[in-house]
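Engineer: In order, the protein sequences belong to chains A, B, C and D.
The C-terminal position of the first sequence is numbered 310 in the working numbering, with every residue numbered one higher than the one before it.
The C-terminal position of the second sequence is numbered 310 in the working numbering, with every residue numbered one higher than the one before it.
The C-terminal position of the third sequence is numbered 309 in the working numbering, with every residue numbered one higher than the one before it.
The C-terminal position of the fourth sequence is numbered 309 in the working numbering, with every residue numbered one higher than the one before it.
Treat the hints with caution; some may be incorrect.
Some, not all, of what chain B presents toward chain C, calculated at C-beta under 8 Å [unchecked claim]:
#1 M33
#2 G57
#3 E65
#4 I74
#5 G80
#6 A83
#7 E86
#8 I112
#9 S271
#10 Y273
Output of the computed footprint for chain D on chain A, the stretches with three or more beta carbons under 8 Å from beta carbons of chain D [said to hold, decoys possible]:
#11 24-32
#12 53-59
#13 159-169
#14 267-276
Just so you know, the hints here were simulated from the structure itself, not pulled from any lab data.
Just so you know, even glycine gets a beta-carbon here, dropped at the ideal spot from N, CA and C.
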Amino acid sequence: MTDGAVLHIEVAGIGFQNPVLTASGTCGYGLDMAELIDLNRLGGVCTKGLSARPMRGNAPWRIVETHGGMLNAIGLQNIGARAFIEDKLPRLRRYNTRIIPNVFGYTVDEYIEAVRILEDGDGIHGYELNISCPNVKAGGESFANDAHQAAEVTEAVKNATRRPVMVKLSPNVTDIAAIARAVESAGADALSLVNTAVGMSIDVETRRPRLANITGGLSGPAIKPIAVRCVFQVARAVKIPLVGIGGIATTEDALEFIIAGASAVQVGTASFYDPQAAMKIVDGLEAYCLRKGLDSIRDLVGAVRLDQDL
Amino acid sequence: MTDGAVLHIEVAGIGFQNPVLTASGTCGYGLDMAELIDLNRLGGVCTKGLSARPMRGNAPWRIVETHGGMLNAIGLQNIGARAFIEDKLPRLRRYNTRIIPNVFGYTVDEYIEAVRILEDGDGIHGYELNISCPNVKAGGESFANDAHQAAEVTEAVKNATRRPVMVKLSPNVTDIAAIARAVESAGADALSLVNTAVGMSIDVETRRPRLANITGGLSGPAIKPIAVRCVFQVARAVKIPLVGIGGIATTEDALEFIIAGASAVQVGTASFYDPQAAMKIVDGLEAYCLRKGLDSIRDLVGAVRLDQDL
Amino acid sequence: MRRFNFRAYRVPGTNFPAAELDYGLLADRLRGDRLLIDAIAIVERNQLNQSASGRRYGELRLKMTNRVEVRPGQFAMLKPHADFEPLLRRAMAYYRCEDLADGLRVEFIYQILGRGTQSLSRLRPGDMVDLLGPLGNTYDTQPARGRRALLVAGGVGSAALYMLAENLRSEGVETRLFIGGASAGDLPGVDRFEELLGAENVICATIDGTRGTEGFVTEPLQDHLRSIEARGPIIYACGPDPMLHRVAQIAEKSETTTQLSLESPMACGFGICVGCAVAIKSDCPEGFVYGKVCTDGPVFRSEDLYWAE
Amino acid sequence: MRRFNFRAYRVPGTNFPAAELDYGLLADRLRGDRLLIDAIAIVERNQLNQSASGRRYGELRLKMTNRVEVRPGQFAMLKPHADFEPLLRRAMAYYRCEDLADGLRVEFIYQILGRGTQSLSRLRPGDMVDLLGPLGNTYDTQPARGRRALLVAGGVGSAALYMLAENLRSEGVETRLFIGGASAGDLPGVDRFEELLGAENVICATIDGTRGTEGFVTEPLQDHLRSIEARGPIIYACGPDPMLHRVAQIAEKSETTTQLSLESPMACGFGICVGCAVAIKSDCPEGFVYGKVCTDGPVFRSEDLYWAE
Ligand SMILES: Cc1cc2nc3c(=O)[nH]c(=O)nc-3n(C[C@H](O)[C@H](O)[C@H](O)COP(=O)(O)OP(=O)(O)OC[C@H]3O[C@@H](n4cnc5c(N)ncnc54)[C@H](O)[C@@H]3O)c2cc1C
Ligand SMILES: Cc1cc2nc3c(=O)[nH]c(=O)nc-3n(C[C@H](O)[C@H](O)[C@H](O)COP(=O)(O)OP(=O)(O)OC[C@H]3O[C@@H](n4cnc5c(N)ncnc54)[C@H](O)[C@@H]3O)c2cc1C
Ligand SMILES: Cc1cc2nc3c(=O)[nH]c(=O)nc-3n(C[C@H](O)[C@H](O)[C@H](O)COP(=O)(O)O)c2cc1C
Ligand SMILES: Cc1cc2nc3c(=O)[nH]c(=O)nc-3n(C[C@H](O)[C@H](O)[C@H](O)COP(=O)(O)O)c2cc1C
Ligand code: FES
Ligand code: FES
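Please construct the entire structure, taking both the sequences and the accompanying hints into account.
Structural biologist: If you want it as structure tokens, here you go:
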């Protein structure tokens, strides 16, 4: 089965054979996922978050299932940017899919450092910046929570690479549109949204937090309505393309995000319980376009019908 | 079955026979609920949001079920403060439970006006301020999203009544602890948290938002982890008592909030699909205290065990 | 005085399957003058059918250990017991009820559409179902006395009309059913209606023409109204919104009293969520206020409804 | 070259019950040199038991239309097909496997604890189950050749050891099982082990003393190790963490090689979530790094694990 041109879409200057990517932290470095799905049929892969140096990650327990979702506090365990381009990238490049390393740091310099290392890697199509990390130099608040800091790290990374840069927004903010505008002004080529919502779970028998890290990130279908709303709001605030993330498990879910304003989507938690989810969505989107007589999925992006103007 | 003193708790100077209340907007004016549960066994009732004048509410559709939760955009339809004290309160007062009208407005003056009307009502034990409404005089941003505005409306209402005032916080903010501190400084007697998270759902066949209001409030088990986290964070930021809300459907859920720092809880969405939920939680909390050998549920408030200090 | 009854249920606080709950009554209360119960019913039968048009239906028969009076047009909120998803119960019109020595047998017909009805479709004999009911008001048969009654059903809307038809028959009212659907297999309960009313009093209309006339059910209804004399019959209708709107228009023209049974997304079914809004005419400036389908309805007089343009 | 197979499944985009999916293989791929499949299996039998201690267990027998080699210690990720809740599949050790002419029969034993195992307990013959497997590594039986093998099982951990016992037997290794649980009914599969190994080679320990010695299973294990000569047997253990830790300590003292099969909360089971962290000794400054139970394990050599204080 080959995907028709109907699903082809360009985001941030990157041409994707279809708008379905796997989300960072939910497909390893792509290769593990290749054991269960055909990466050649996937739009793209956002890798597990990479830092300049390898990271150990948090103590267990790292995951807790909740109603309709899960909390994770992996602690950004990763093999480091260098090991990625040496051990993983050469094999990942053999697949016909777009490769988008997800990058993070705890200072602006750490972001730059990680990106500089990745610049040595061939076959990388762009970067996704995870800005939900605490900015340790600026009081430990998350970069993503402050328009100024979000813009600062975006601009710095844009200056460090000529590859497209997609910035990943957090839903844990009062005004996501304001952050989006700041990041757009700072030069971001695209935005991906949303990252996980901060949550917590307590074992009432032991009275201890279920996660060793106390709090964690909520993902999965539970957060989908919040994520769709974020995409809808941001689509009205910026001109750069959006990539929708949050609880996407079925074709309908993906369509909701696209209609709300996303040019592409990322499948996250769903891959854990349904490894074929991304593949099913690729097929399902094509079937939908066919059924609706659409020439291109592009015609659906932001095509939500409103009775009133907002 | 009478509830033992083990569940008795004081919040904001109000003595509750047990820490289980029904949440605003999910029990009508209490009387409808009385057709399915024995209000005499309930800690308290937070009424549907009341405004100075009656409100029509939004066009249908007003509710959409999501995974693990639901979106609502009722549009604060209510009979108005006057009709409440005249038509509902006299009958509601006959029950042995605490009565807490939930109050809202679109300007500070409207809050005051509603409270002034309610001051005429006998048998009201305190107010809950829903500050998640847009402040139309200050640009339409929600009172709850801004520490300054949240404090302003709190102070104004405190000056208008001698009854205890509980302020209800929104989870849709970057730093809920900061809002909590501002509201505490402004004189709030207690905080209830959280209100719904803003979400959206789109019908992919019609491409229309499923709610006539476009966006709505997400409630139910889906948001529980977010709500528990909010209670945990706010408990570390303020000294006034907290009332936990968000996806509480079982005894374990209620216990999570109490252990995280809530002195009482409110049952919301769960009453829709399990009208007995609040009653089951009252029984379940008593059974838990018995099993754990606790003299009072008070000993559990904020009793989360942490390995590290935060 | 209100009657109150609270049966022991398993206290939560354990991780054990809720399926171990004792079944039976959770609570019963008087609502106005009628008994409302929150109970766990047991599945006796759950028969699934697929029509030629591809639509799927289920006929669900439940047994309860409690007796309660159910009136035509009322509904129950249903959900497979101990299911986590979907959260909300689904409103289902009582299709038939039978008093038993030791309780009540109730039947529902549902069309399998989304998550709620899918979960109902997975029920098997012996399974438990959370049932809150009876809810809502009932058809008013008073105005039908001494006149004729026309029942208009669209698809699964027929379920809400069967007990009404029984009542009208026993009150001696001449009763005729107009029932429409996509195909012959999309006329739930039609055979039972023919048994009750006589085949000559059941007029079918199907989109594909596989039973009765081809087209919408409102066509034969209109023809019939045109063919009869002035003092018109009373119409009772239940079905999809566009059908109800059309019935209301037809009825208005022929000055016929009409009672419509509405649907609406419902979270609670007993009046506490205010989700089931329906615009009701009012002499306020805007011309309407919002009523609740679950407690003000589900049956409304056509002339009370405010139809959006 | 990797083998790749992608079977047609119902394209989503309709509201129809996922239960209408064709069952069978969704995908199979070579993982290293072994085949990994994502399939829909059919329930043949799901037998529930309750022990005197109140614990509940299920024995689930599934049939698959595909053959795949399963090695001792490996596990599958399971979930009732089309269930929305809980989302995540649950890891279950393969208990027994049987090659069939037209596929494979696999068995699992689970203790009913929380939402995942509760949903498994509701499965009935004919139901569909999402099954991803086989996953993880296998016990290394090489070091057991020419020595004796001691198997140590805590509760439902016995499931992970049965195929190992079969293999050891067929390789001619003298094998003894120490199995512990709360009561006589909490020793899953014990009768089958007695059949396989001979009753004299199955040593039971129960907390309430209703079968075998009273107390923890590590007591008779320790007694046994004390009673035997220097070149110790090899130990394979599976059970709750505290039991494994104790076994590791005992083994360390008697200089016995030990392989432990670990548990951990798992979101994916195939290496992509990094949720199943386990501390592994390393010569870095902190003395350990985090490995993944699902792909680096679930079987680990005791001496490689870094036990937190
Ligand atoms: C008083 C009353 C009586 C009812 N009696 C019956 C009955 O006897 N038999 C029966 O089959 N159904 C009946 N319904 C409808 C039923 O309650 C459900 O709304 C319907 O079955 C859809 O539920 P679901 O879980 O299958 O779909 P959901 O998963 O809730 O939704 C699936 C899709 O259908 C759409 N949808 C949901 N509800 C409606 C609606 N009311 N109108 C149009 N689209 C909708 C949703 O937007 C979604 O796209 C009644 C409703 C009311 C209010
Ligand atoms: C490789 C592997 C093989 C396994 N094999 C089997 C098997 O053969 N048979 C079997 O019954 N189980 C097995 N398990 C455990 C199984 O996967 C589930 O974790 C366990 O059944 C609990 O799931 P649940 O849905 O019942 O509980 P959940 O709803 O997930 O949790 C219920 C309660 O149990 C606690 N809990 C969950 N998991 C664990 C755990 N691992 N240890 C301690 N507490 C926990 C939770 O915190 C919660 O309080 C295996 C696990 C792994 C990793
Ligand atoms: C286990 C896990 C690990 C994750 N790791 C990362 C990460 O390293 N970097 C990042 O930007 N997002 C990470 N995320 C967030 C996801 O990429 C995604 O934004 C989020 O889970 C919401 O999508 P979902 O609901 O589809 O999972 C992680 C999510 C999960 C569940
Ligand atoms: C249908 C509905 C109506 C609500 N109306 C109000 C309201 O009028 N005032 C208010 O402060 N909160 C209102 N809420 C919010 C609830 O009180 C509660 O804060 C929220 O639903 C989270 O709790 P839950 O997950 O238990 O429902 C409403 C919630 C729902 C679902
Ligand atoms: S359905 Fe809740 S008020 Fe009608
Ligand atoms: S369970 Fe996901 S990596 Fe091990």
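Engineer: All hints, please: hold or fail.
Structural biologist: Against the structure, the hints:
A least Cβ separation of about 6 Å between M33 of chain B and chain C falls short of the 8 Å threshold, and the interface hint therefore holds. For G57 of chain B, the interface hint holds, the least distance from its beta-carbon to any beta-carbon of chain C being 5 Å, beneath 8 Å. At about 5 Å, the closest approach between the beta carbon of E65 of chain B and any beta carbon in chain C falls short of 8 Å, and the interface hint on this residue holds. Below 8 Å, beta-carbon pairs count as interface contacts, and I74 of chain B has one with chain C at about 5 Å; its hint therefore holds.
The restraint placing G80 of chain B at the interface with chain C is violated, with a minimum CB-CB distance near 12 Å, outside the 8 Å limit. The criterion of a C-beta within 8 Å of any C-beta in chain C is not met by A83 of chain B, whose closest approach is roughly 13 Å, and the hint is violated. At a threshold of 8 Å, the smallest CB-CB gap from E86 of chain B to chain C is about 18 Å, leaving the interface hint violated. Because the smallest distance between the Cβ of I112 of chain B and any Cβ of chain C comes to about 25 Å, over 8 Å, the interface hint for this residue is violated.
With a cut of 8 Å, the hint placing S271 of chain B at the interface with chain C holds, because the nearest CB-to-CB distance is about 7 Å. Interface restraint check: Y273 of chain B against chain C, minimum CB-CB distance 5 Å, threshold 8 Å, status holds. Counting residues of the stretch 24-32 of chain A whose beta carbon lies closer than 8 Å to any beta carbon of chain D gives 5, which meets the minimum of three for the stated coverage. Remark: the stretch 53-59 of chain A is confirmed as covered by chain D, as 4 of its residues place a Cβ nearer than 8 Å to a Cβ of that chain, reaching the required three.
For the stretch 159-169 of chain A, the stated coverage by chain D is violated: 0 residues have a C-beta nearer than 8 Å to a C-beta of that chain, whereas at least 3 were required. Against chain D, the stretch 267-276 of chain A contributes 7 residues with a C-beta closer than 8 Å to a partner C-beta. That satisfies the three-residue criterion, and the hint holds.
Consistency with the previously given hints fails for numbers 5, 6, 7, 8, 13, ordered from lowest to highest.
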